[in-house]
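Asks: As they're listed, the protein sequences go chains A and B. For the first sequence, UniProt numbering assigns the number 1 to the initial residue and increments by one for each residue that follows. For the second sequence, UniProt numbering assigns the number 1 to the initial residue and increments by one for each residue that follows.
Heads up, a few of these hints could be off.
[Said to hold, decoys possible] As a list, the in silico SDA-like pairs of lysine to any residue whose alpha-carbon atoms are at most 25 Å apart:
{"no.": "1", "chain 1": "A", "residue 1": "Lys93", "chain 2": "B", "residue 2": "Pro149"}
{"no.": "2", "chain 1": "B", "residue 1": "Lys152", "chain 2": "A", "residue 2": "Thr88"}
{"no.": "3", "chain 1": "A", "residue 1": "Lys152", "chain 2": "A", "residue 2": "Pro315"}
{"no.": "4", "chain 1": "A", "residue 1": "Lys152", "chain 2": "B", "residue 2": "Ala38"}
{"no.": "5", "chain 1": "A", "residue 1": "Lys152", "chain 2": "B", "residue 2": "Asn46"}
{"no.": "6", "chain 1": "B", "residue 1": "Lys75", "chain 2": "A", "residue 2": "Pro315"}
{"no.": "7", "chain 1": "A", "residue 1": "Lys152", "chain 2": "B", "residue 2": "Phe158"}
{"no.": "8", "chain 1": "A", "residue 1": "Lys93", "chain 2": "B", "residue 2": "Leu320"}
{"no.": "9", "chain 1": "A", "residue 1": "Lys93", "chain 2": "B", "residue 2": "Asn257"}
{"no.": "10", "chain 1": "B", "residue 1": "Lys93", "chain 2": "A", "residue 2": "Ser78"}
{"no.": "11", "chain 1": "A", "residue 1": "Lys93", "chain 2": "B", "residue 2": "Val69"}
{"no.": "12", "chain 1": "B", "residue 1": "Lys75", "chain 2": "B", "residue 2": "Asn46"}
{"no.": "13", "chain 1": "B", "residue 1": "Lys152", "chain 2": "A", "residue 2": "Gly262"}
{"no.": "14", "chain 1": "B", "residue 1": "Lys93", "chain 2": "A", "residue 2": "Leu154"}
{"no.": "15", "chain 1": "A", "residue 1": "Lys93", "chain 2": "B", "residue 2": "Ser78"}
{"no.": "16", "chain 1": "A", "residue 1": "Lys75", "chain 2": "A", "residue 2": "Gly262"}
{"no.": "17", "chain 1": "B", "residue 1": "Lys75", "chain 2": "A", "residue 2": "Asp95"}
{"no.": "18", "chain 1": "B", "residue 1": "Lys93", "chain 2": "A", "residue 2": "Thr239"}
{"no.": "19", "chain 1": "B", "residue 1": "Lys152", "chain 2": "B", "residue 2": "Leu79"}
{"no.": "20", "chain 1": "A", "residue 1": "Lys152", "chain 2": "B", "residue 2": "Leu92"}
{"no.": "21", "chain 1": "A", "residue 1": "Lys152", "chain 2": "A", "residue 2": "Asp169"}
{"no.": "22", "chain 1": "B", "residue 1": "Lys75", "chain 2": "B", "residue 2": "Leu17"}
{"no.": "23", "chain 1": "B", "residue 1": "Lys75", "chain 2": "A", "residue 2": "Glu80"}
{"no.": "24", "chain 1": "B", "residue 1": "Lys93", "chain 2": "B", "residue 2": "Val69"}
{"no.": "25", "chain 1": "B", "residue 1": "Lys152", "chain 2": "B", "residue 2": "Pro315"}
{"no.": "26", "chain 1": "A", "residue 1": "Lys93", "chain 2": "B", "residue 2": "Lys75"}
{"no.": "27", "chain 1": "B", "residue 1": "Lys152", "chain 2": "A", "residue 2": "Glu80"}
{"no.": "28", "chain 1": "B", "residue 1": "Lys152", "chain 2": "A", "residue 2": "Asp91"}
{"no.": "29", "chain 1": "B", "residue 1": "Lys93", "chain 2": "A", "residue 2": "Asp95"}
{"no.": "30", "chain 1": "A", "residue 1": "Lys152", "chain 2": "A", "residue 2": "Arg242"}
[Unchecked claim] Which stretches of chain A does chain B cover? Using the computed rule of at least three CB atoms under 8 Å from a CB of chain B, they are:
{"no.": "31", "region": "83–96"}
{"no.": "32", "region": "118–128"}
{"no.": "33", "region": "156–164"}
Just so you know, these hints were derived from the structure itself, not from any lab. Since this is a predicted model, take the numbers as computed values, not measurements. Glycine included, every Cβ here is placed at the ideal spot set by N, Cα and C.
Protein chains: 2
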Amino acid sequence: MRVSPGGRPATGYDIVLQAGVLRETAAFLTDRLPDCRAAVVVTDGNLRDLAAPLTDALRGVGVASALHVVEPGEKSKSLESLHGIYGTLLDLKADRRACVIAVGGGVVGDLAGFAAASYMRGVSLIQVPTSLLAMVDSSVGGKTGVNLPRGKNLVGAFHQPAGVLVDPDVLRTLPDREYHGGLAEVVKYGVISDAAFFGWLEENAGAILDRDPAVLVPLIARCCELKAAVVAADEFETTGVRATLNYGHTFAHAFENLAGYGVLSHGEAVSVGMTCAARLAVSRGMIPPDVLTRQTALLERFRLPIELPAAVEAPPDAVLAAMRSDKKNVAGALRLVLPVRLGEVRVFADVPEEQVTAALTP
Amino acid sequence: MRVSPGGRPATGYDIVLQAGVLRETAAFLTDRLPDCRAAVVVTDGNLRDLAAPLTDALRGVGVASALHVVEPGEKSKSLESLHGIYGTLLDLKADRRACVIAVGGGVVGDLAGFAAASYMRGVSLIQVPTSLLAMVDSSVGGKTGVNLPRGKNLVGAFHQPAGVLVDPDVLRTLPDREYHGGLAEVVKYGVISDAAFFGWLEENAGAILDRDPAVLVPLIARCCELKAAVVAADEFETTGVRATLNYGHTFAHAFENLAGYGVLSHGEAVSVGMTCAARLAVSRGMIPPDVLTRQTALLERFRLPIELPAAVEAPPDAVLAAMRSDKKNVAGALRLVLPVRLGEVRVFADVPEEQVTAALTP
Ligand SMILES: NC(=O)c1ccc[n+]([C@@H]2O[C@H](COP(=O)([O-])OP(=O)(O)OC[C@H]3O[C@@H](n4cnc5c(N)ncnc54)[C@H](O)[C@@H]3O)[C@@H](O)[C@H]2O)c1
Ligand SMILES: NC(=O)c1ccc[n+]([C@@H]2O[C@H](COP(=O)([O-])OP(=O)(O)OC[C@H]3O[C@@H](n4cnc5c(N)ncnc54)[C@H](O)[C@@H]3O)[C@@H](O)[C@H]2O)c1
Ligand SMILES: [Zn+2]
Ligand SMILES: [Zn+2]
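Just chain A, same shape as in the assembly (with noise of 0.2 Å):
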């Protein structure tokens, strides 16, 4: 599959998406950056053992390199983190045709990613996603960077990749609660931009939530292309339409906010604010009701909650202010991601804020 970021052909790059192609990673970067002598590999502690033999296989080819293993979790999403792995490519000697490969998920995938785009003004960049989220999502787009203290990505770059390698063989040993999180981000590709694949998540769900390859390597597929899409209608987030990404995250980030640490995963307050954005849709009469059940059954099918635990307060109030300082919204007005049919949705920035927070709660 290939990849053109704003339709410049001359950044494109491939996304090899095939059991096993973890172990093809010095192999493909030997192939696509014949000029690389010195690369990184960062991963975080629970996929060390995955990501250590290609610091092997790199030598095994002629290229110097070092294993940087983080934390596992979002707090290594940090300038410290930063400084660490800049000091490993110090180490090797990297120059400007310098490599970081990122083995992980998100927080690897967004981490090691801006260490490339801004070691020496960029390095090139490998990603191999290992979670489902980071597979049908972080890797795509160029988005990277990491945390302040203050909030979340508010430092970054947009740095596309030399190439992604999805090997879903991977997802095996993920989590039972990061796979189903990652489902909720499949779900939104379906509700947001093809309602043929939203069918076909339905009627396959079975062997979706049993991991079976066979439906993974397609499943995979539509969502990277469905997100290359619409990062090539957009690549900086300037024209708008990338913004449909955001459908329920809107509500999602108001929940994760008012919900204390671990209580919600990311996908789970996706989930919960996909409802609730399908919610208002169906009250202001712009879909069927029926978009609404569909959505909620599947979601409950691939073990995701539709509404907040009865453990996370958020009076009505709360959830609008924290949803109102989101920091995709323009000038303070809120811009909401809304379904017009299954498989389309609009932004919108003139909802009454009494029809939000009705569409709090069924």
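Given the coordinates of chain A, work out where chain B with the ligands should sit on it, guided by the hints.
Replies: Below, chain B with the ligands without anything else, positioned relative to chain A:
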């Protein structure tokens, strides 16, 4: 003057070169960035009085603004300073339409430029260079970045400004040593790309030393044009054209490394470096001795050294080792930019080391 990096008009920006233009910054911003509602003015302690009025002017046109002052000097080009600027942006609730305004020399420009490149994956940047070096060199070309404890400019991004405002009046307060250092880069442009400009510098050397506004405007304009032309041919330093700007610099970086902190300014090191490079070209029969003589005379006229101060211990082997570790070298081979006539240089990767060391002394 309009600059189109990489020849792409869509990303072009204006350099406005005019006495008093500093005071027009707020008007420029509202004209070019009508959506901007928040701007951070970054400067250093020596320039506080120059920069402070801008924040009032910005508030006057409805843009929330803050002054962020760093310590003068290279040490402020750090990840820590960067973090501080992010904090000021967050205090202003700056969103993606925000602007960073760099009022200062190359240190402030590089630091504030990288803050703009990375905050929320990139906000707008206006450069208001105040040192001669920043006016003729660092504010043109889009390079931004910070140092790491282990080396200079190791982290950064290419980020083109929305505009560059050059006010020659502010040069009045620039310390002599900084002014003369900037002239080393000015002489460089003549040697590498414009013999007529070199002749003009010789004719107007007196007025230039007096900082006569009547010569400063055409001087700065020509340097910006010459640098912009090189950058347009090689925006991301990939084709090798941009390497010509490195004339004298491989020597200079070695001298700066060997000299203690503060002994040799960058411009002084470049002046000695260009002298060595021209001498080397003469010894190889590439240029007549006359080119070296004229370059030497002009550098001396501009109060620049043409050999290392006695205090700097620089045995030839140490110089060579330092030159070899310059990050502009590819695969360890020494790459030198040498004149082939006044107004033209080429990159040479095959100069015998004995010739290099011989060129270190007259
Ligand atoms: N760049 C983008 O466009 C983009 C898009 C969406 C999300 N994100 C970012 O992605 C991050 C979330 O990504 P994530 O959900 O992958 O989180 P993550 O990277 O923290 O991974 C989740 C957990 O799963 C583990 N894991 C990953 N792959 C595994 C495997 N194959 N086997 C066993 N364990 C495995 C990880 O060690 C981690 O503990 C957030 O920081 C978010 O901001 C970025
Ligand atoms: N980005 C690029 O393309 C590029 C190119 C060349 C150099 N640089 C960088 O530029 C930096 C050097 O820049 P610099 O020489 O301007 O140093 P600088 O920014 O430290 O300024 C030199 C000194 O002059 C003072 N000063 C500046 N303008 C003044 C004025 N009008 N009146 C009084 N004092 C004034 C400053 O406060 C400082 O003390 C280095 O970090 C170098 O790496 C970047
Ligand atoms: Zn998401
Ligand atoms: Zn220089």
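Asks: Each of the hints needs a verdict: does it hold here or not?
Replies: A quick look at each hint next to the structure:
1. Lys93/A <-> Pro149/B: Satisfied, since the Cα-Cα distance of roughly 15 Å is no more than 25 Å.
2. Lys152/B <-> Thr88/A: 16 Å, holds
3. Lys152/A <-> Pro315/A: Since the Cα atoms of Lys152/A and Pro315/A sit roughly 23 Å apart, the hinted pair holds (cutoff 25 Å).
4. Lys152/A <-> Ala38/B: This hinted pair holds, its Cα atoms lying about 20 Å apart.
5. Lys152/A <-> Asn46/B: 34 Å, violated
6. Lys75/B <-> Pro315/A: 48 Å, violated
7. Lys152/A <-> Phe158/B: 23 Å, holds
8. Lys93/A <-> Leu320/B: This hinted pair holds, its Cα atoms lying about 18 Å apart.
9. Lys93/A <-> Asn257/B: Since the Cα atoms of Lys93/A and Asn257/B sit roughly 18 Å apart, the hinted pair holds (cutoff 25 Å).
10. Lys93/B <-> Ser78/A: 20 Å, holds
11. Lys93/A <-> Val69/B: Distance of about 34 Å is beyond 25 Å: violated.
12. Lys75/B <-> Asn46/B: Distance ~15 Å between Lys75/B and Asn46/B Cα, so the pair holds.
13. Lys152/B <-> Gly262/A: Violated, at roughly 40 Å.
14. Lys93/B <-> Leu154/A: Given pair Lys93/B, Leu154/A holds - Cα atoms ~12 Å apart, limit 25 Å.
15. Lys93/A <-> Ser78/B: Since the Cα atoms of Lys93/A and Ser78/B sit roughly 20 Å apart, the hinted pair holds (cutoff 25 Å).
16. Lys75/A <-> Gly262/A: Holds, because 12 Å separates the two Cα atoms, which is no more than 25 Å.
17. Lys75/B <-> Asp95/A: 23 Å, holds
18. Lys93/B <-> Thr239/A: 22 Å, holds
19. Lys152/B <-> Leu79/B: With a Cα-Cα distance of about 12 Å, the restraint between Lys152/B and Leu79/B holds, given a limit of 25 Å.
20. Lys152/A <-> Leu92/B: 17 Å, holds
21. Lys152/A <-> Asp169/A: 30 Å, violated
22. Lys75/B <-> Leu17/B: Violated, because 29 Å separates the two Cα atoms, which is more than 25 Å.
23. Lys75/B <-> Glu80/A: Distance of about 19 Å is within 25 Å: holds.
24. Lys93/B <-> Val69/B: 18 Å, holds
25. Lys152/B <-> Pro315/B: 23 Å, holds
26. Lys93/A <-> Lys75/B: 23 Å, holds
27. Lys152/B <-> Glu80/A: The given pair, whose Cα atoms are some 18 Å apart, holds under the 25 Å limit.
28. Lys152/B <-> Asp91/A: 15 Å, holds
29. Lys93/B <-> Asp95/A: 37 Å, violated
30. Lys152/A <-> Arg242/A: Distance ~19 Å between Lys152/A and Arg242/A Cα, so the pair holds.
31. 83–96: Check passed, 6 qualifying residues.
32. 118–128: Holds, because 5 residues of the region 118–128 of chain A bring their Cβ atoms closer than 8 Å to Cβ atoms of chain B.
33. 156–164: Answer holds; 3 residues pass the 8 Å Cβ test.
Hints 5, 6, 11, 13, 21, 22, 29, counting from the list given before, are not met by this structure.
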